[in-house]
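Sequences and hints are given; from them, build the entire structure.
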Amino acid sequence: EVQLVQSGAEVKKPGEPLKISCKGSGYIFTTYWIGWVRQMPGKGLEWMGIFYPGDSETRYSPSFQGQVTMSADKSIRTAYLQWSSLKASDTAMYYCARQNYGDSKDAFDIWGQGTMVTVSS
Amino acid sequence: DIQMTQSPSSLSASVGDRVTITCRASQSITSYLNWYQQKPGKAPKLLIYFASSLQSGVPSRFSGSGSGTDFTLTISSLQPEDFATYYCQQSHSTPRTFGQGTKVEIK
Numbered sequence: 059e060v061q062l063v064q065s066g067a068e069v070k071k072p073g074e075p076l077k078i079s080c081k082g083s084g085y086i087f088t089t090y091w092i093g094w095v096r097q098m099p100g101k102g103l104e105w106m107g108i109f110y111p112g113d114s115e116t117r118y119s120p121s122f123q124g125q126v127t128m129s130a131d132k133s134i135r136t137a138y139l140q141w142s143s144l145k146a147s148d149t150a151m152y153y154c155a156r157q158n159y160g161d162s163k164d165a166f167d168i169w170g171q172g173t174m175v176t177v178s179s
Numbered sequence: 015d016i017q018m019t020q021s022p023s024s025l026s027a028s029v030g031d032r033v034t035i036t037c038r039a040s041q042s043i044t045s046y047l048n049w050y051q052q053k054p055g056k057a058p059k060l061l062i063y064f065a066s067s068l069q070s071g072v073p074s075r076f077s078g079s080g081s082g083t084d085f086t087l088t089i090s091s092l093q094p095e096d097f098a099t100y101y102c103q104q105s106h107s108t109p110r111t112f113g114q115g116t117k118v119e120i121k
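Sequence lines, in order, name chains A and B. Counting the first sequence from 1 gives a position; our numbering is that position plus 58. Counting the second sequence from 1 gives a position; our numbering is that position plus 14.
Honestly, I wouldn't trust all of these hints.
Label-pair ranges, simulated between beta-carbon atoms [claimed, not checked]:
1) B:T108 to A:S179: 29 to 39 Å
2) A:K132 to B:P94: 39 to 49 Å
3) A:S162 to B:A27: 24 to 34 Å
4) B:S70 to A:K101: 26 to 36 Å
Computed from the model, here is a short list of chain A residues facing chain B with C-beta under 8 Å [what the hints assert, rightly or not]:
5) W105
6) R117
7) S119
8) P120
9) Y153
10) S162
11) K163
12) D164
13) A165
14) F166
15) D167
16) G170
17) Q171
18) G172
None of these hints come from the bench; they were simulated from the model. The C-beta atom is built at its ideal place from N, Cα and C for all residues, glycine as well.
Structure below.
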């Protein structure tokens with residue numbers, strides 16, 4: 059079964075660093091882009107960017123460029139999203155998703171269960 | 015960035031109703047338009063890609079149409095499990111922006 063499993067909920071203070079993870083299984087991890095999507099409480103979906111584990115190419119949304127860093131460890135089939143200094147406005151659910159290209163498909167076809175990040179003093 | 019605008023923002027419908035949601039792009043995206051369904055507390059699920067292609071495992075009551083800037087998601091006969099929020103997303107260019115969502119509620 060193809061799946062993405064994300065790390066658990068986090069509660070952090072403003073200014074703290076954080077790294078959340080997304081582990082892929084059931085497919086060749088290095089041949090699919092992994093995307094990250096933010097959903098603030100009660101709000102819609104925001105596309106943050108995508109990362110290609112095969113060669114570490116990254117494409118950020120301008121809204122998130124410089125605010126987060128995407129990376130991966132191919133050896134353990136895990137993608138990461140990290141912050142160096144959290145803000146209260148980073149409080150949200152974060153989803154990772156597999157970007158599937160091919161046969162005109164260019165969409166997130168597999169999603170992780172989400173990681174809730176709460177930033178509060 | 016390409017802006018995606020959905021309408022309506024919410025709607026009330028009954029089981030068995032035909033439901034139509036529209037999505038408009040701020041510039042042509044040819045057919046690079048996806049539709050997702052999200053239920054409360056759950057991750058989104060891909061329904062339709064490339065404007066009209068049904069994702070594997072998705073019921074045939076869901077269909078998509080359109081090209082250029084105007085797109086439609088249709089549910090031919092609304093079922094109880096279809097009450098959810100629906101999002102369009104363009105995959106023509108980066109950033110691959112989402113619409114603001116359409117919440118389908120029970121009448």
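Violating hint indices (sorted, rising): none
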